[in-house]
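Guided by the hints, dock chain B onto chain A, whose structure is given.
Number of protein chains: 2
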Amino acid sequence: MTATEAVLRPRTDSWLPDRLVASAAERKAGTQLRTDEFADWLAARGRANHFAVERIRLADLQGWSFAPGSGNLTHRSGRFFTVEGLHVVTGQGPVPEWHQPIIKQPEVGVLGILAKEFDGVLHFLMQAKMEPGNANLLQLSPTVQATRSNYTKVHRGSDVKYIQYFTSPGRGRVLADVLQSEHGSWFYRKANRNMLVLTDEDVPLDDDFCWLTLGQIGELLHRDNVVNMDARTVLACLPGPEQGPDAWALHPDARLLSWFTGERSRHEVRVERIPLDEVRGWTRDEWSISHDEGRFFRVMALAVQAGNREVTGWTQPLFEPVATGVAAFLTRRFDGVPHVLAHARVEGGFLDTVELGPTVQYTPANYGHLTGADRPPFLDRVLSAAPEDIRYEARHSEEGGRFLNAESRYLFVEAGDLGTDVPPGYAWVTPGQLSSLARHGHYVNVQARTLLSCFSTGAVPS
Amino acid sequence: MTATEAVLRPRTDSWLPDRLVASAAERKAGTQLRTDEFADWLAARGRANHFAVERIRLADLQGWSFAPGSGNLTHRSGRFFTVEGLHVVTGQGPVPEWHQPIIKQPEVGVLGILAKEFDGVLHFLMQAKMEPGNANLLQLSPTVQATRSNYTKVHRGSDVKYIQYFTSPGRGRVLADVLQSEHGSWFYRKANRNMLVLTDEDVPLDDDFCWLTLGQIGELLHRDNVVNMDARTVLACLPGPEQGPDAWALHPDARLLSWFTGERSRHEVRVERIPLDEVRGWTRDEWSISHDEGRFFRVMALAVQAGNREVTGWTQPLFEPVATGVAAFLTRRFDGVPHVLAHARVEGGFLDTVELGPTVQYTPANYGHLTGADRPPFLDRVLSAAPEDIRYEARHSEEGGRFLNAESRYLFVEAGDLGTDVPPGYAWVTPGQLSSLARHGHYVNVQARTLLSCFSTGAVPS
Numbered sequence: 144m145t146a147t148e149a150v151l152r153p154r155t156d157s158w159l160p161d162r163l164v165a166s167a168a169e170r171k172a173g174t175q176l177r178t179d180e181f182a183d184w185l186a187a188r189g190r191a192n193h194f195a196v197e198r199i200r201l202a203d204l205q206g207w208s209f210a211p212g213s214g215n216l217t218h219r220s221g222r223f224f225t226v227e228g229l230h231v232v233t234g235q236g237p238v239p240e241w242h243q244p245i246i247k248q249p250e251v252g253v254l255g256i257l258a259k260e261f262d263g264v265l266h267f268l269m270q271a272k273m274e275p276g277n278a279n280l281l282q283l284s285p286t287v288q289a290t291r292s293n294y295t296k297v298h299r300g301s302d303v304k305y306i307q308y309f310t311s312p313g314r315g316r317v318l319a320d321v322l323q324s325e326h327g328s329w330f331y332r333k334a335n336r337n338m339l340v341l342t343d344e345d346v347p348l349d350d351d352f353c354w355l356t357l358g359q360i361g362e363l364l365h366r367d368n369v370v371n372m373d374a375r376t377v378l379a380c381l382p383g384p385e386q387g388p389d390a391w392a393l394h395p396d397a398r399l400l401s402w403f404t405g406e407r408s409r410h411e412v413r414v415e416r417i418p419l420d421e422v423r424g425w426t427r428d429e430w431s432i433s434h435d436e437g438r439f440f441r442v443m444a445l446a447v448q449a450g451n452r453e454v455t456g457w458t459q460p461l462f463e464p465v466a467t468g469v470a471a472f473l474t475r476r477f478d479g480v481p482h483v484l485a486h487a488r489v490e491g492g493f494l495d496t497v498e499l500g501p502t503v504q505y506t507p508a509n510y511g512h513l514t515g516a517d518r519p520p521f522l523d524r525v526l527s528a529a530p531e532d533i534r535y536e537a538r539h540s541e542e543g544g545r546f547l548n549a550e551s552r553y554l555f556v557e558a559g560d561l562g563t564d565v566p567p568g569y570a571w572v573t574p575g576q577l578s579s580l581a582r583h584g585h586y587v588n589v590q591a592r593t594l595l596s597c598f599s600t601g602a603v604p605s
Numbered sequence: 144m145t146a147t148e149a150v151l152r153p154r155t156d157s158w159l160p161d162r163l164v165a166s167a168a169e170r171k172a173g174t175q176l177r178t179d180e181f182a183d184w185l186a187a188r189g190r191a192n193h194f195a196v197e198r199i200r201l202a203d204l205q206g207w208s209f210a211p212g213s214g215n216l217t218h219r220s221g222r223f224f225t226v227e228g229l230h231v232v233t234g235q236g237p238v239p240e241w242h243q244p245i246i247k248q249p250e251v252g253v254l255g256i257l258a259k260e261f262d263g264v265l266h267f268l269m270q271a272k273m274e275p276g277n278a279n280l281l282q283l284s285p286t287v288q289a290t291r292s293n294y295t296k297v298h299r300g301s302d303v304k305y306i307q308y309f310t311s312p313g314r315g316r317v318l319a320d321v322l323q324s325e326h327g328s329w330f331y332r333k334a335n336r337n338m339l340v341l342t343d344e345d346v347p348l349d350d351d352f353c354w355l356t357l358g359q360i361g362e363l364l365h366r367d368n369v370v371n372m373d374a375r376t377v378l379a380c381l382p383g384p385e386q387g388p389d390a391w392a393l394h395p396d397a398r399l400l401s402w403f404t405g406e407r408s409r410h411e412v413r414v415e416r417i418p419l420d421e422v423r424g425w426t427r428d429e430w431s432i433s434h435d436e437g438r439f440f441r442v443m444a445l446a447v448q449a450g451n452r453e454v455t456g457w458t459q460p461l462f463e464p465v466a467t468g469v470a471a472f473l474t475r476r477f478d479g480v481p482h483v484l485a486h487a488r489v490e491g492g493f494l495d496t497v498e499l500g501p502t503v504q505y506t507p508a509n510y511g512h513l514t515g516a517d518r519p520p521f522l523d524r525v526l527s528a529a530p531e532d533i534r535y536e537a538r539h540s541e542e543g544g545r546f547l548n549a550e551s552r553y554l555f556v557e558a559g560d561l562g563t564d565v566p567p568g569y570a571w572v573t574p575g576q577l578s579s580l581a582r583h584g585h586y587v588n589v590q591a592r593t594l595l596s597c598f599s600t601g602a603v604p605s
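Residue numbers (our numbering), protein chains in the order written: chain A, 144 to 605; chain B, 144 to 605.
If you are wondering where the hints come from, they were derived from the structure by calculation, not from laboratory data.
Which copy? The list can't say, so a pair holds if one copy fits it or any two copies do.
Cross-link-like lysine to any residue pairs, in silico, SDA-like; alpha carbons within 25 Å at most:
1. K247 with V414
2. K247 with G234
3. K304 with H410
4. K247 with D495
With the rest of the complex left out, here is chain A (with noise of 0.2 Å):
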């Protein structure tokens, strides 16, 4: 890496994080619009393009197939993702051992949001963009949001808007970097570089982007399915406060990453790649792979029709979740200083064995034939919290590119009964300190940064 002059700079941006403030606390209107004219330019975003999605058989998938002698789902280019199996051993819990079908994707895309000044307040380009598996389809994702295939032209499309603030170093100023994993019970060690990159230059507005303020994107977080994934897991990347009461905790970061590493040893977690047509427990038919007790999700296909994408037209697998999901933290304060109860959580497809999730990610209906002690702790807590304890609630969709109608229900809630003594695999931790970790890859799963990103955002107070 090459530096312009030999002149030090201070290894930390103290100017940062008074200015995420300041733009978390402009929630009402921004420099293109007001958050209340915000469902009018969505909508209209959706009539200047035409969509359509329908669900085909796997045997119309163009340029997929099952491939001879392990029955994975490949694309012709070998490119793109590919569907295969995967047998993981856990050896505890309820269900010790399983066999899945997982997303094997090995490209690290880019996942970028372009930041910049207007009026001395921070704003953010957001995109209304198009992804087949969405909720609405169209919903408001980052900057840019493009795996390698896209901008290195695999799909002989256009190019990608915005893609040399990301690329080229030096363009702006990178206000966060990091590669952070998805979603690790659908994706096999998935990556993506998440970026915020602060520019100062002029910079062309195209029709689909939009700026809009911290607060204007927390606003937006209220609302069901309009904010997508990639947006929420960059926006989580945002450095946190850490002066004044920030600087506490009740676990001090050294003990906090003890206790961190002590779960990742503790787990011995086996994790098998195997040929698709190997998973047991799971059976195609025409029209998708399905779980032979109607759990989990189905592995199905789409014809897609767009008018704005790369390409304008496409089919693709994806995976559809049979029911809603939950992931929700229990959250109090400690001394006035606010709290969440974060769970070391084992997911087959993380790289490193266990990341930090919500207190509760589940989704219950695979859960109702467990009983008692095998019940996971907190769902029933979290399923049947009083609406006073319910600091925040929205539905929002995951990854739209991969899955289908895969939503989940994201809360915060009141727990001020609950004390320090917690369940092995968990402990209270502050929001700062989860900033702090998602610097870094492999800390902090996809579901505990979408909650991250109400705290980045001001969706919920902090």
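Okay, now just chain B, sitting in the frame of chain A:
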């Protein structure tokens, strides 16, 4: 994780950096012995314990055999480690693809150093420990250096001394606790838990143990083959100073992390485990498995007799490099602040593609056949450095429990003539930035951590 009471604490240990600096300044004497008495102490420990190693035929390994079908070298217990095959495709450089034997050891071990204040100065409890592959056999190791098999009794040996400080949370104050990688060219995704724990309990002192200040250990790091690899990597995990001049760097932390993320993203490394029998270009004879051109290393076997280990005698395979390695940081000051030139290295056994290594890390004999642009950058500069430019040089042994006679020359070489313009894959970083990264796993490789321990112990002034 449970807190003892609901009292907030500062997230960072602001008192710790000054105590570490004070301990590093105590170079001549500690509470137990003077530094000039250390060699006698170590020699006495050698006389008090009987050690002998003998090279044996592969067929004379007890409990180890080549598995039918794969040819993998395995122990009948299914534990310890296995020697398997690896197929690596980087697609870059003079050697874009290769096969090799590799050690697979999925267990996470504990490398732990206990710290305690005597007369207001931090001391560290070090152990005189025999390892069969080490030069001189006996070297200075961490308080605890134990695989899970060790302390869960697969060896059926005696207890691991002092292990309770590292397995029972709450027995002390954690200064550092992080899963760090080891040699990515010889191990497949191995990680050990590097821990430092501060206690104020009375600690009974065993014969083979010695309390030393950081400065005393720093003095010993100037001697060849005294401080073992495990001690060096743990000491590298101590937090570095971050105030005053140490708060400044050529690249702010956010830009450094972004550069690192870019390096990790741009390498598409394909790594595939293969049966040892299918490793091409290597041949097994009665005594070893070796490379057909005599490069890299041999897989060989030793019989060990030891008086003070958990078990008194055993046989085991080891890797024996064919020549001495070199690991060197080029170093210079910018605006008075020391920087070292880090290299983002691909090693086939890394969990996540790339880690930061020294500027130069090679076994020169393996590259004698390469010329011109194919020679590793900066290698010839280090090999031909003028004596007045060498700020530090010592020979150290790599992990003596797995590697026989694996020695490297470790150096810091002054390079005041180099500017800020460096080749792709290289970046100037401060020792404090390396320390910050080493709080987390998979950033700083084991060779760079050896050099980093020279800063944390004051062996090299930072």
